[in-house]
Amino acid sequence: MRRVPIEKLLGEYKDNEVRADGEFKGQLVQVTGVVGDVKKDITDSIYVIVGTGQPFEIPEVQCCVADGQEKRAAALSKGSKVTVRGRVDGLMMNVLFRDCEISP
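Heads up: the sequence shown begins at 566 in the working numbering, then just goes up one per residue.
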């Protein structure tokens, strides 16, 4: 697992998606940032948006929460600091993390 500053990860994807995919896609990565939102998608799967805390930030990290992490996701609040780790799945508006675990 790689620990990466969230500013570096987001900056790399903003600068050059192809290069960033070569460096991060498929890897297990851990970042610490600020909770922007906690939501469910159309399939009722939970995801957490994590960024640097800057307003109007694009992209951010979109963490698709792993099974068993629902209570940890429910305990999060917008604006709070959080550490997440997941497998990078590339850029689709946000940097996607799959099977995310939320550190207590």
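Among the hints, a few may not be true.
For lysine-lysine, the following DSSO-like pairs were computed, each having C-alpha atoms within a straight-line distance of at most 27 Å [what the hints assert, rightly or not]:
no., residue 1, residue 2
1, 579, 636
2, 646, 636
3, 573, 646
4, 590, 579
5, 590, 573
6, 579, 604
7, 604, 590
8, 605, 646
9, 590, 605
10, 605, 636
11, 604, 573
12, 579, 646
13, 579, 605
Here are the computed distance ranges between Cβ atoms for each label pair [claimed, not checked]:
no., residue 1, residue 2, range
14, 583, 636, 21 to 29 Å
15, 566, 587, 29 to 37 Å
16, 570, 663, 34 to 42 Å
17, 639, 595, 18 to 26 Å
18, 609, 580, 19 to 27 Å
Source of the hints: derived by calculation from the structure; they are not laboratory data.
Every residue, glycine too, gets a C-beta built ideally from N, C-alpha and C.
query = So which of the earlier hints does this model not fit?
reply = The structure breaks hints 1, 14, 15, 16 and 18; every other hint is satisfied.
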